[in-house]
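Starting from the known structure of chain A, fit chains B, C and D onto it as the hints suggest.
Protein chains in written order, with this note's numbering: chain A, 1 to 380; chain B, 1 to 380; chain C, 1 to 380; chain D, 1 to 380.
Hints may be right or wrong, so weigh each one.
As the list makes no split between identical chains, a pair holds if one copy fits it or if it spans any two.
Claimed, not checked - Cross-link-like lysine to any residue pairs, in silico, SDA-like; alpha carbons within 20 Å at most:
1) K376 <-> E217
2) K376 <-> R252
3) K376 <-> G253
4) K376 <-> A251
5) K188 <-> P88
6) K188 <-> P230
7) K188 <-> E236
8) K188 <-> G234
9) K188 <-> T226
10) K188 <-> D237
11) K376 <-> T214
12) K376 <-> L250
13) K188 <-> W90
Derived from the structure by calculation, the hints contain no laboratory data.
Protein chains: 4
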Amino acid sequence: MKVGATHGSRPLGVAAIGYAFMGRAHSQAWRNVAAYFDVPAVEQRVLVGRDAEQVARAAARSGWAEAATDWREVIARDDVQIVDICAPGWLHAEIAVAALEAGKHVLVEKPLTNSIEEAEHMVAAARSARERGVRSMVGFNYRRVPALAHARRLVADGRLGTVRQVRASYLQDWLADDAAPMTWRLRKETAGSGALGDIASHAIDQIQFLLDDTVTEAAGRLHTFTAQRPGPDGPEDVTVDDAAWATLSLARGAVASVEVSRVALGRKNSLRIEVYGTAGALAFDLERLNELEFLDASAPATEAGFRRILVTEPDHPYVGAWWPQGHTIGWEHTFTHQIRDFLVAVRDGVAPSPSFEEGLQVQRVLAAIEESSATKPVRL
Amino acid sequence: MKVGATHGSRPLGVAAIGYAFMGRAHSQAWRNVAAYFDVPAVEQRVLVGRDAEQVARAAARSGWAEAATDWREVIARDDVQIVDICAPGWLHAEIAVAALEAGKHVLVEKPLTNSIEEAEHMVAAARSARERGVRSMVGFNYRRVPALAHARRLVADGRLGTVRQVRASYLQDWLADDAAPMTWRLRKETAGSGALGDIASHAIDQIQFLLDDTVTEAAGRLHTFTAQRPGPDGPEDVTVDDAAWATLSLARGAVASVEVSRVALGRKNSLRIEVYGTAGALAFDLERLNELEFLDASAPATEAGFRRILVTEPDHPYVGAWWPQGHTIGWEHTFTHQIRDFLVAVRDGVAPSPSFEEGLQVQRVLAAIEESSATKPVRL
Amino acid sequence: MKVGATHGSRPLGVAAIGYAFMGRAHSQAWRNVAAYFDVPAVEQRVLVGRDAEQVARAAARSGWAEAATDWREVIARDDVQIVDICAPGWLHAEIAVAALEAGKHVLVEKPLTNSIEEAEHMVAAARSARERGVRSMVGFNYRRVPALAHARRLVADGRLGTVRQVRASYLQDWLADDAAPMTWRLRKETAGSGALGDIASHAIDQIQFLLDDTVTEAAGRLHTFTAQRPGPDGPEDVTVDDAAWATLSLARGAVASVEVSRVALGRKNSLRIEVYGTAGALAFDLERLNELEFLDASAPATEAGFRRILVTEPDHPYVGAWWPQGHTIGWEHTFTHQIRDFLVAVRDGVAPSPSFEEGLQVQRVLAAIEESSATKPVRL
Amino acid sequence: MKVGATHGSRPLGVAAIGYAFMGRAHSQAWRNVAAYFDVPAVEQRVLVGRDAEQVARAAARSGWAEAATDWREVIARDDVQIVDICAPGWLHAEIAVAALEAGKHVLVEKPLTNSIEEAEHMVAAARSARERGVRSMVGFNYRRVPALAHARRLVADGRLGTVRQVRASYLQDWLADDAAPMTWRLRKETAGSGALGDIASHAIDQIQFLLDDTVTEAAGRLHTFTAQRPGPDGPEDVTVDDAAWATLSLARGAVASVEVSRVALGRKNSLRIEVYGTAGALAFDLERLNELEFLDASAPATEAGFRRILVTEPDHPYVGAWWPQGHTIGWEHTFTHQIRDFLVAVRDGVAPSPSFEEGLQVQRVLAAIEESSATKPVRL
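The following block holds chain A by itself, in its conformation from the complex (with noise of 0.2 Å):
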């Protein structure tokens, strides 16, 4: 007997535009959200890049029916209702804005985009689209980690009691070595800026979404170690941070400290959170996924202390759908739990979330962070 070959309805056929790291990941969460998840029916209709003999080679390996060279053609398509942007920040606005305005439900990686004039954009094209029941959000993927969204749960529950402090750190070490090459993301033109915009934002993002609450202030630091770097014809002037610190207020009186590097030798994913509140407290590595730490502080003071959750329960979020317990699963899934999620939003006509206005609102922290780094600090 044939399988799958009478649904319901007919299938949404997805667009992911780029092939790169972030289109490779976009592209596994596509091909596979269905054998884990109800979703509505999905087809990887066509992969979109510049480079037409590349593209249509990951296209191939990564299951797409077909590549293109023109997102523009693409989003025209009828048979195209997904549009999954994995483009460089740059060009975000230009094609979310143009993708809703053909009526095409669209996910864009983070960051929302480069500058806040272009969020802005996006947000009013995206708060128009919603009224006509078109579907946006941005993949802050790192919300779809079973043990953060189980965090935010032991938040949201009142097992943490009232958060007060939160220290988040994102540390690399890809740039540690003075020699590595200049490229793209070192222009303040093309990146918009450096670690701040790259990982400080997944740490915001993050901050806000564990706490459920909003970032109201905030002071801070970029710093950038080699200011030159070799390029095709000679050095090059590095123009973004390789590092940011930062102190942020919240809105409900908690304070949290972000520290990211891309020089921090060692540190190869590593995204680390404490949050420690008046009734417990939790912590996180990115670096090992698969689990939480959580201190439950009404235990006896002779019985308490910070306990290794191993996040691979059927209750825990997400995980129900994979193996049995004791039974990790990899970085990769953070894109298949957002898509999950993007589906059922579509599905039920609901707004999914992160929306633009939440990168937006993470973009004006970036921006608040690189204005009040103009303050000199106190000379000694």
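Relative to the frame of chain A, chains B, C and D by itself:
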């Protein structure tokens, strides 16, 4: 443009038998392997199971073109070149021998089978098939954990010197509750043994794999903590072990200990291995499968210590195909790697490993442990 | 004002025999115990050793009023009420029996002695002395690690339910180098056994202590990796074990495994213990002796996990006498606590624990392991 | 034979002022230092405190020959050569200056004092005394954690290359409960500041110590989570910070972050430091003070990782005096080492470190952080 339209050769057709836990994990691997690795083209032709409705649903979700209920018909099909056996252990021998005789390449889940006799029969069939270029392999998937494959390299490269002592334990807790019900896994007739065959087999294969050595002697003990468990018609006798312990001698002089349990409360899927040599040492825990601890004793004493290698570098085994450094993969990709290696062996016309002979050797070690467990301990 | 001028009663005079590693550790405890705990007043009267010059120097450094070389003279002194025996094991019986007969309270380092016969002789002397109010105790100091004393409490309070499985290992590496020289510790005549008596004795005592239970059966294996080591006049035969393995049955149904080694490269002094019950579990590592991991399985599955208790709270055993929470203590204070407990028992006229009988019981377990190690394993 | 009867020279007489937490810790060190280290002979002459009865009891327990209540009399005594000041910070300046003028060597607990003015006064007195051969030192005891002293060596030896980024945090939770009562430590007049002066001072000294560098700029923020606390006559205002954050620039180009808190629930005494250089990195946690994590980036990428060095080897700083490898020491011996170093400096006629000047420099950094905290963050 359409993608994947012209392959150089016909894709290999795959049939998988079994759609439960292992079947889902294998399906995942077949669905994704070509997205990451250069392997011969494959098509997920047919998924086989006893319940027509359930297997059809599983097939639809997991990427199989068809579902079927009669494995004999399936292995007779011309469009099936590979048979992947995820059925319970007591069916392995019959299906595997038939498939090999039908000229199909066979991948069979571990343990090879429930009895030495059946295992020997399978080995004979595999040898005969091998002469005709038909490939066979047993699925000790943990050989394909990147950290463990890397560990084997370190041992082979002499980074540990002469290995003396190995400690392996595999602890789970799904039988910790006395009220957990009776199942086929707890009856000797259907399961062969308990923790011994199910998880000690993994530990023993891994010891031999890491050291590239062979167990020559074994002594051990089996224990059942819960003698009866609730069946549909009242209490039934548990006739297999809940836990097992053994010491093993290896041909080149190392001594290994093995401890396994299904009642180790709080340990979900904890395969831990420590290897101590004359020049270095290793430690691994499956609950943190992207990590490997390595001690290089050639460092000055003031600088020596177990280092935590995050096994996510492009030059680590299998990892180059995945994500940038620091981005972890999940348990399921031990199967993806297994199928990659199986397909490459099929393509290259070489015998994949672990062979059925290797699977039989593990069965012999299990049998020796069971035999020795009849020896009475010394009473005080 | 002068301090300490008027004590209610005469201080107890202490003599310690031995000034090497253990002697130094015990001296530390005698020097400091009264600064932290309410104990009868003691005076460090005399330190005894064979080398007059060295013992004088050791005494001067370690707080002893006098040094001496003849232990028989010392135990005859009227101003000595307590004899603390830190001499090598083959001297324990003779000194202890003489001291007890002389009416001195005796603390003797573990293991009780090198042979069952001597141990029985010591037990007889201790029983007889006990009737006269003379106290005796064997120094299994790890009972006085606060984390392990707390662990015993948790077990006694039923927080683990029924204990089923215990895993104990004690790994060191000071013999990992084949070229490490021959010593008295490597000869059966002087040391009794190798890793078995030296460190498995600790593990076995601890298992019985934690569970408040008794080993009834043992099976095990001994192994010597390096058969000869350099002596002053050329290679000499090592006649004790480098490593040992055992499984033990306890009276109330638990099964424990023990693995010890002096060649586990990279492990310096790693006594690790895991206890698995029906309601909870524990894990401990001596290299982190201020910590105890505890799993409370009554927590919801989504919140369960091993919690790291920092055993530095005032209500933890022994800890109230020390520093504020979070301030760790060192290995040496297992001896301080041991002497505190010994002195309190002397003051209160009760028998301290572990008694010589308990020491003998550990010796019997060691002997049973050795006996069972003669059984041949099953050859494959 | 009597021991210690004839010393080559007269022992140095010590007076300690203060018998609370710090006084007890210092007494421990004076009582034990000579048992482990080659230092000039010292005698614990007199312990000074305000309450005659309590100080007499403390003196008797802690090894002091006498107790006294008037520090002025004590520093005038001829048989006192060393004054160890463990009194609260607001008394430091007066006592230290008087003692130095009386020709006594002075060790003073950190922080140097509560105000820059007093600190400058102390520095002037120390300089003047130094010319007369009188020694002075401030007690940043964490410089004497073997792991941190070893870390400094690794940095000095270039094993980290150029240090770029330092992360230091010191988290405690003794004020996590809103109902914890008001104390002098929570009033600006008596305590100077809160977490900033108490624990950030440790972190800042350590950063400068590890890098052998000087902070040149600071920016930061202070926050009080609990504005009022119960006093004897009703709620009182807390006028110091519960938590503080700062970024610091160092003279040679590194940037350090500091975060301290007394409300970080579950963290008892967690001073954590991470140092990232161009060739290596370090991580330390005071709750595991016998360990140091070290990354040597010159290892091949497949073998690189943070290694856990157990800092218990004879060649580690201070450790040779203690126990065999693998045997840990406790927090208290940071003070033992401190007094060892102080006594050796006194004996050798050199200036001990950290000097009062170094203490003043830390005060200046604290003041700069406080000053900068007046800057308003950017509002969103």
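Next on the checklist: Of the numbered hints stated earlier in the document, which are not met by this structure?
Outcome noted: none
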